[in-house]
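Peer 1: What follows is each chain in one-letter form.
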Amino acid sequence: MKKLILLWVLLGTLTLHAQTLPVTFKNTIPVGYDPTSQAPGFMEVSPNIAMPQGHVLVKPPTKQSYTWVQTFAKGGTHYNRNELANEGSLATFRSTYPDKEYNGVPTIPTIFGLPCSGPEEWVDGYNKKCWPTGPFTDAEARAKAHEIWNSGNASNLWIGETMENFPFMPADKPMWHSFYDELAGLYEAKKAQDQKPFFLCHNYFATGPYYLGNTSKTQADWEVMYSQDPSQWQMKTWFHPGGTLSRTNTVMEGIYFGAFDLNPGQAMNTLFCMELWQKLGKYTGMFFYNHHEWAPESFTDKVTFPEGTFFRADKPVHDPAFQILMGFLAHEYGNIFVDWGTFLKQPASKKPIGYYQPVHQSMDYWRPNAGGPAAFPYYYQLGVGLPPQDFYSPLAVSSDYSYFGNLLWMQTGGSVAGGTPYYCSYRLDGNAWIDRKASGCDIVSAYFAKRGIARCRISGNKMVLYYFNMYADNLRHTIEIKHPTNPAKSYTGTVCGSGIHVVMLDI
Amino acid sequence: MHTNINFVRYFLTCLLLFNISHLFANDPKSEDEAELDPVLFSMSTDKSVVKVGEEFSIDIQCTMRDFSDLRLFPEALNGDFVLKVVFPDGFVQTVGNYYHSVSGKLLRPGERVTYERVTYRLTGKFVSKPSSGKFMLLRGTKHSAEIDRFLYRGKLVIAVDVPEGADKFSRQTATQAFSQCLEAELMSGANGPITSDPNASNGQTRGAENQYNHFVDYTVNVPSAGLYQITLRYYSSATPIVSVTVNGGNAQSISLPNSGSWNIAYTDYTFAVSLNAGASTLKIAGTGGGSCRQDKICVTGEGQICPVLSKVRLHWRTADFNRLNGAKIQGSNDGSIWTDIYTIGVNATGSWQEFTFPNATAYQHVRYAASPAGYGELREIEFYSGATKLSGMPFGSDPNVAAMGWQYAIDGAVTASWHGQYVGIGAHAGPSNFVGLSITGCATTCITPAIVQTAGTNVCPATNQQVTLTASGYSGNVSWLLNGSAAGSGTTLTTVNAGTFTAFSSNGTCTSAQSQALTVVQVANCAPPALVPRISSSGFPEILTLSIVADPANPGSWLLSDIGTVSLPAGYEWSYFIGSKWLKTGANLTNEPWQSSSPGRVVKMATKIGLDTLNRWPCPPEGCNYYYQNDAVAQLVPGARGGLTTFIFN
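So the protein lines, in turn, are chains A and B.
The first sequence maps to residues 0 to 506 in numbering that gives the first Met the number 0.
The second sequence maps to residues 0 to 649 in numbering that gives the first Met the number 0.
Accuracy of the hints is not assured; some may be wrong.
To be verified - In silico lysine to aspartate or glutamate, EDC-like type, Cα no more than 16 angstroms apart, as pairs:
| hint | chain 1 | residue 1 | chain 2 | residue 2 |
| --- | --- | --- | --- | --- |
| 1 | B | Lys583 | A | Asp260 |
| 2 | B | Lys607 | A | Glu187 |
| 3 | A | Lys350 | A | Asp389 |
| 4 | B | Lys124 | A | Glu187 |
| 5 | A | Lys301 | A | Asp363 |
| 6 | B | Lys580 | A | Asp472 |
Since the hints were derived computationally from the structure, they do not count as laboratory data.
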C-alpha cells in the first residue's frame, strides 16, 4: 500500500512539474555565404575556431589564397603532407606545425618502399609484382615499422590506402599484425612522453561484416550486439583482439556512395559501424568524398563567364544538407573527419580550368554568348609538360558544405565534446512516442523503421540536442524530444527535411 | 501513462542505486560487501612489483554467482554491468580488451544463453612513479552512464620500484621540505555538507554533488614567508572553477580538471600561493562549472623567497621626456593585483637613468607602468635586486604601434624603442602600457591578461558582424570567457556574440585571476536578412531548370518547379530526387513543397517505368542480370543522363 501511495505521489509530482520548452534549431549555413560566386568561400564566412582536443579535421585549402595558418585557424587540426603547395617544404611544415601532419593515404609501395617492378602474378591474394618473395616475415615487418618511424613519416594521423589495386596484400596476413604491433609500440612510447594522441588506421575505408542490409540477418541479430561485449559478437573482424589489425587504434568509414536511392541506408549503416568500432575500443571517423562515386557519372556542372557558359560532365555532387549532416555526425559518432578528393588552391576568378585531353575531351561543353569565342578560352593544359599552376574545378564550392557541418559541430557539440551522449525518445506531430532503446541500439531500430534519430550530449549544465532523419520528406513536422535523464522535461520545435537540426541548451 | 510508470521505475532504481552506493561507501573495507550483486568481481595481476616502464597485466574477472534465491533489486543489480578502472598517476594502458566503460552481461544458468564468466585484461606500464599504485575497480549498471554513479568493487595495489639512488634523493628532498595536510571536513570555516566516500582521505569530503558554490577555509601555518605548493584533492563530474584567496586577498581563479566522477575517483591538482609566516586562511570556493567536493589539501614547499627589487635602470627615447614623470615601478605576487613600489618623479633625459628606492617586499613579478601621459617610450629597462640584475620571463601590454612592441624595451639593446598604440581602437595612454618580468626561479603564478577591443565596434550574430578582442601582458596561454562560460582561447578572440568577456591565462602549473571585464554590445535591430534561395550548382538548363518561389500559403516555405525543356523518352518516367524523396512522374515537377529554408538538392533522371532502384550498372560483356541493365536510365542529351541542382537559402 505504501508503495502505491508513493507511486501516486511521484506521478502527481511529475504531472505538476512537466515542462516542454520551445527550441529553435540553428541555421546550418553561415551568414553571408553566397555560393553563386562559384568559388570556394568557407574561410571568408567562418570565424576563427578550434576543434576540441582529441577531434580531427583535415580540410584542404580549396582556394588559391588559403594558407596553412588560415586552415588551422578555421578548425583544421592536421594537414595533408602531399598538399603543401608552394607555401614551403615538408621540413618547414614539420618544424612550424609539429604533430599536425597527415600522411595523405599512402599506398603500400609508398609505405614500404616497394619497387613493384616485376610482372603481374597473383598468388594467394597478393601480386608478386610488388611482393616477389611473399608477405614480410615477422622480423621483416617489425624492421619496416622501425624504418618508417626513423624516416619521420609516421605522422600522428596515419591513414593508409592498403586494400586495393595491384600492390594489394590481404589484411589477414600475419605480417600486418607484426607491423602494426611494432609501429603502435613506437607511437605509444611517443605518446607517453608528449601526451599527444595518435591515430593509426590501416585503410581509408573499413571492410567488415556489419551490413544492416544483409538479408541473411535480422534486426535482432544486430541489436543484440549492443548488449554484448565485442568478444561475444557472432561475427568478428580483423580489428578484434588477436586480429591482424588489432593493434591499429582507428577505423575509418569511407563515404563513397552510389545510387541516390540507396544513400539513406548507406549513411545509417555508416553510423552503425562507427558505433561498433567505438565499442571495440577504436577511434573512428569519416573519410568523406564530396561527390557520389557512381550514380551514374553523367551530370554536368555549369560555370558562367562573360564570354559564355562552360559545362563539364562529372560525378554528381552530394546534397548540401547531407554534407553538412555528415560533417556534424562525424564528431558525434566518432572524432575524425577527412575531406578527400577536393581540388586545391582554386583561383577565385574561375580560370584557368584544368584540361587533360584524354579525360576531358568528351566531357566538356562550351556554349558561347553572342560574340563570344567558339572554343573555351581559359583552358590550362595538363600533362603536356607545362609548369605547375593553380587551376579551377567546376565542382569548386561543393566541399564548403562538409566544412560547414564541421563548423556547426564546433559551434555546438564541440562545447560538450567530453560529455555523455544519449539517444532521446521523441514523437512527431503528436503521434506515438518513439522510445529510446535501453541497449542504445537506436540506429539499428531507425534503419529498419526508416525513421529519424533524436540524440543529445550532456556536459555539466550544457546540452547539444539534435535530430536527423535520412528518410525524411520535405514537409514541416512538430517534434517533441524528451530529456534523456529528466522525464519531466522535453523540448519542442519544427523539423523538416533530411538535414541536421541542432540546438545548444542550458539545462 | 506507460512512460510515467517507466519514469517511476527508473527513479526508484536510481534511488536504490544511490542508497546502495552510500551503504558501501561508508564501509570501504568491506570489499566483498556486494552480497546483493549477482556478479562477483575480482582483480589479479601477474606482477605485484614493477619498475617504471615495465609492462604488466591485470585481469578483471567477472563471475555470475549462484543467486537463484535473489529477489531484491532486480532492476538495480543484475548481470548487466559496465566497468571502470581508475588508474593511478603515471599509468598508461598499452593493450588489452579492457577499455573505459566496457560493458558485459552475464546470465544465470537456465537462462536462454548463459555467459557465466568473462575476463577483461588490462595491460600497461607506469611512465613515472605514482604517488600510489592503487587501481580501483568500479562497477556500474546500464544506468551508470546516465547518472554517473558507480559502485566500488575493490582495489589492487602495484608496488612501483625506482632506482635506489633516485628514491633516496626523493626521501631526502621530502624531509627537507615543509609539508602539512588538512582535511576539508575538519575545517570549521565551510558551508558545504560533509559527505562520505570510500576513497576519501579520512573517509569524508566537504561539498555536494549538484551545487558548486561551496567553500572551505583552511587554516595553514607555515614557518617562513614565501611560495608554497597547494595540492587539492577533490571529486567532480564536470569541470569546476574555484577561487583561491589568502586572508581574503591575492585571488586566483582556477579551472580545475574534471576528476570524472562525483565519487570514488578523485584528482589531485597543484597550484602555488604566497604565504606569510604563521597562520593564514586559505579559502577555496567554488564559483562556477561543476561542483567540487573537496577532500583535503597538502601544503608543501620550502618557502622560497623571491629577490627584493631595489633598483631600475632605464633608457628613454629621444623625445617626449615629460612622459616619464609619474611612471610607476610595481610588484605582484599573484599576477593580478599590483602594488606600487616606487613612483618616478623626474623627466627623462634620453640616456641611461638609474632609480634606487627602498623596498622590503619580495615579488614574483615586477613591472614598469607608464605615467598617465605615457605610451611606453622606453628603449630599455632593467630590474635589479641590489647589484644583481634580475632575469625572467618578460611580458608587456598591447596594442602597440607596428614594429614598436614592448619587446624592444626588454631585449637588451637600446637601438629601438617601445611605443603603445596612440590612435585607433585600443589606443590608450597611462599605466595600461606596461612591461615587466616574471622572475626566474621565483614566479609560480601566471600573470592576469589585460583585454582590449582591437577591431570592430559592436556585434550582430545574425549578420556575422564581429569584434576582435586582444589579450596582452600575460604569461601562459589565454582562455576567454563569455558571461562566465568558455568562449575560446588564444591571444585574440573574434566573436559575433554580445556580453561580458573576461580572460585568464594558464600554463599547466598555474592559472591567473580573471582579467577585467569588457562588455561587447549588440547592434540595434540585429536581425538576419530575409532568406533568399541561391543556386549552388546546376547543369544543362534544358534538362533541369529549378524555380524556387515562396509559398504564399505557408510563410517560410517554398515551392519547387522544373521548367526544363527536354522531352521524356517513350517507356520512361521522370524520377526526381527532392532531398531524400523519390518522386516518379510523367510530367515536370510543379509546385513541389519545400517547407523549410534548409539546403537541398533536386536530381532529375528519366528512368525506365517501374524501375525499383537506380543501383543498375551497364551490362558487362558476359550479360545482364539484376544489377546490370543498360536501359535503366535514359541518355537525355549528349554528355548528360540527368540534371542536378543544389541550392541553399541565405
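Peer 1: The structure should be examined with respect to each hint, and the outcome stated for every one.
Peer 2: Cross-check of the supplied hints:
Restraint check for lysine 583(B) and aspartate 260(A): the C-alpha separation of about 12 angstroms stays at or below 16 angstroms, so the hint holds. With a CA separation close to 56 angstroms, the supplied pair lysine 607(B) and glutamate 187(A) exceeds the 16 angstroms bound. As the CA atoms of lysine 350(A) and aspartate 389(A) are separated by approximately 9 angstroms, the hinted pair is consistent with the 16 angstroms bound. For the proposed pair lysine 124(B) and glutamate 187(A), the alpha carbon gap of about 11 angstroms is at most 16 angstroms, so the pair holds.
With a C-alpha separation of about 10 angstroms, the suggested pair lysine 301(A) and aspartate 363(A) falls inside the 16 angstroms cut-off, and the hint holds. About 6 angstroms separates the Cα atoms of lysine 580(B) and aspartate 472(A), which keeps this hinted pair within 16 angstroms; it holds.
The structure fails to meet hint 2 from the earlier list, while all remaining hints are met.
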